[in-house]
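Participant: Just so we're aligned, residue 19 is where the sequence shown starts under my numbering, counting upward by one.
Read the hints as simulated data drawn from the structure, not as lab findings.
Take the hints with a grain of salt, since some may be wrong.
Here are the in silico distance ranges between beta carbons for each label pair [what the hints assert, rightly or not]:
(1) E316 with A195: 28 to 34 Å
(2) G117 with E336: 39 to 45 Å
(3) N202 with Q59: 17 to 23 Å
(4) A237 with T119: 36 to 42 Å
For every residue, glycine included, the Cβ atom is placed at its ideal position computed from N, Cα and C.
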Amino acid sequence: MTPPSRPVVVGTLPRSLYLETTNRCDSKCQTCIRTFTTLEQPADLTLERVRTIVDQFPGLDRVVLHGIGEPLLNPEIFDIVAYLKKRVSSVLFNSDAIGLTRARAIRLIETGLDEYRVSMDAATAATFRKLRGVDCFERVTANVARLVALQRDMGRTSPRVSLWFTASRANVEELPAFVNLAANLAVAEVYVQRLVFNGLGLATEANALHGKLREREQALLTEAEALATRHGIAMRASGLTTPLASLHGSGDTARHWSGCQRPWTLAYVTANGNVLPCCISPWVATDYSRLILGNAFEERFEAIWDGERYQRFRTDFESDSPPDACRGCGLLWSI
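Can you build the whole structure from these sequences, using the hints too?
Facilitator: This is the structure in structure tokens:
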């Protein structure tokens, strides 16, 4: 397979940046690596740190403010969003919405955040508790309903609210009901993710659907997509396609990682300043320390981006023996 053309890197910083605003969380998701292991010491990314990092990027288009943690737990999250909206056209983050009080919902709307993605994974309290590890289904649905109502009352169209569903054998039966839930909450978008599996908790290969859909599961996906159309809900999925197409898979595992552009187009900074190649990599890497390509608190970002570790990572990526995280990503989640 001929590798795709790559963007020029040296002297050209990426236009998309992921900032992990905190690695603390109030959920205990049974598919999340954070529930089972500690990769870095607990930390919040301060507004001062964000400014120091972002001011080094002359042409950012998009900043994503999530990672392994719940952004609403960062006490400066609203100030961070407000600052970024003066610099960047698109700012967004995923959230469990547990801490989305009325006051926080108003502040979220007022900051100008572009997208608020609510990770739920379930349409019932029992499945929510099983997957998310906390008994907060009613609180989350109430918080989302209030956010949408406040937007309407304030005459605001942002943030664009969506419900996210990491599809697996543990919850796929609820996908049609999940679409109905979105309709009941007046949420106009549902996003279906593929499971990242690493053998921890419910993040197992046996629980994954990608490339292994059974007849019943295909029928559920088809039903959910039909319901979305009926309700006027946009239904999207990993791979910029439909859930059925995304989870069906191509069956082609030859150099499965090679189509990814992330080592050339974006960077991910953890709450402790460590620069990683992308937000998926910590979930599948067997050697976390080798993922770290520099520290944004200690070095200029350009020196990291053009530096020896990043360049070696890209060179290895293009070989038949790519970095551990990329090799795992293509098989355990796929791009």
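Participant: Run every hint past the structure and note whether it holds.
Facilitator: Now for the hints, and whether the structure bears them out:
no. : hint                       : verdict
1   : E316 with A195: 28 to 34 Å : violated (48 Å)
2   : G117 with E336: 39 to 45 Å : holds (42 Å)
3   : N202 with Q59: 17 to 23 Å  : violated (41 Å)
4   : A237 with T119: 36 to 42 Å : holds (39 Å)
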